[in-house]
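Required output: the full structure, derived from the provided sequences and hints.
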Amino acid sequence: MLNKFEKIYIHPSQFPGQVYQDYLASFSAQQINHKFHYDSVKQSQKWLKIHETFSPARQDQSCIDAYAKCFQKTAEVLADDSLSLNLIGLGSGGGEKDKLLVSHISHGNRALTYYPVDVSSSLSIISAQKVRKAFPDVDVQPIVCDLLQSDDLILLIDEP
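The opening residue of the sequence shown carries number 0 in numbering that gives the first Met the number 0; numbering runs sequentially from there.
Since the hints were made in silico from the structure, they are not lab data. A hint or two may mislead.
Below, in silico cross-link-like pairs of lysine-lysine (BS3-like), each with a Cα-Cα straight-line distance of 30 Å or less [what the hints assert, rightly or not]: (1) Lys96 with Lys129; (2) Lys132 with Lys45; (3) Lys72 with Lys96; (4) Lys48 with Lys6; (5) Lys3 with Lys68; (6) Lys41 with Lys68; (7) Lys41 with Lys96; (8) Lys132 with Lys6; (9) Lys98 with Lys68; (10) Lys3 with Lys48; (11) Lys3 with Lys41; (12) Lys6 with Lys96; (13) Lys72 with Lys41; (14) Lys98 with Lys45; (15) Lys45 with Lys6; (16) Lys129 with Lys45; (17) Lys98 with Lys3; (18) Lys3 with Lys72; (19) Lys129 with Lys68.
So the derived label-pair ranges between C-beta atoms look like this [to be verified]: (20) Gln30 with Ile87: 34 to 44 Å; (21) Asp79 with Ser39: 41 to 51 Å; (22) Leu23 with Arg109: 37 to 47 Å; (23) Asp79 with Pro15: 44 to 54 Å; (24) Pro15 with Ser81: 39 to 49 Å; (25) Ser27 with Phe53: 26 to 36 Å; (26) Leu89 with Phe134: 44 to 54 Å; (27) Ser83 with Gln17: 36 to 46 Å.
Keep in mind that this is a model prediction, so the values were computed, not measured. Cβ atoms here follow ideal geometry from the backbone N, Cα and C, with glycine treated the same way.
Here you go:
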């Protein structure tokens, strides 16, 4: 398989100057900002392993069924809508739930763009690749963003 570049969008909340200010604020408050828990590939992989082991979304069949039911209902609501659709995965993590939702809503004549948004570039890329591999016709545009500092995210996504 030919590897190619991954186009990834970085929100200003993750620009180096802002990240540095967040480090300083964390040290001053003596409390580490959530975004630094997923800073490296190794940290992201550890989080995914913990999530896979302990998350009800992975281990509890009733929880898994609840997601599937919600996603099916979402697909039914959107079934008659032929407009293009933007799916924004907030804190996309490993992308499993988003992939399941895409499996329900990607059918039909509607253009679908999936934005996996995570504070971790590793997790955003993992989610993007997971959905892209399963649904090659879906436009995938990963975003690295601190959701606590991104009130403008929807405006940036809506820009042409």
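Hints, verified against the model:
no., hint, in the structure
1, Lys96 with Lys129, "11 Å, holds"
2, Lys132 with Lys45, "23 Å, holds"
3, Lys72 with Lys96, "15 Å, holds"
4, Lys48 with Lys6, "26 Å, holds"
5, Lys3 with Lys68, "36 Å, violated"
6, Lys41 with Lys68, "33 Å, violated"
7, Lys41 with Lys96, "22 Å, holds"
8, Lys132 with Lys6, "15 Å, holds"
9, Lys98 with Lys68, "14 Å, holds"
10, Lys3 with Lys48, "27 Å, holds"
11, Lys3 with Lys41, "23 Å, holds"
12, Lys6 with Lys96, "22 Å, holds"
13, Lys72 with Lys41, "36 Å, violated"
14, Lys98 with Lys45, "21 Å, holds"
15, Lys45 with Lys6, "24 Å, holds"
16, Lys129 with Lys45, "18 Å, holds"
17, Lys98 with Lys3, "21 Å, holds"
18, Lys3 with Lys72, "36 Å, violated"
19, Lys129 with Lys68, "21 Å, holds"
20, Gln30 with Ile87: 34 to 44 Å, "28 Å, violated"
21, Asp79 with Ser39: 41 to 51 Å, "45 Å, holds"
22, Leu23 with Arg109: 37 to 47 Å, "45 Å, holds"
23, Asp79 with Pro15: 44 to 54 Å, "46 Å, holds"
24, Pro15 with Ser81: 39 to 49 Å, "42 Å, holds"
25, Ser27 with Phe53: 26 to 36 Å, "32 Å, holds"
26, Leu89 with Phe134: 44 to 54 Å, "19 Å, violated"
27, Ser83 with Gln17: 36 to 46 Å, "31 Å, violated"
In summary, the numbered hints that this structure violates are 5, 6, 13, 18, 20, 26, 27.
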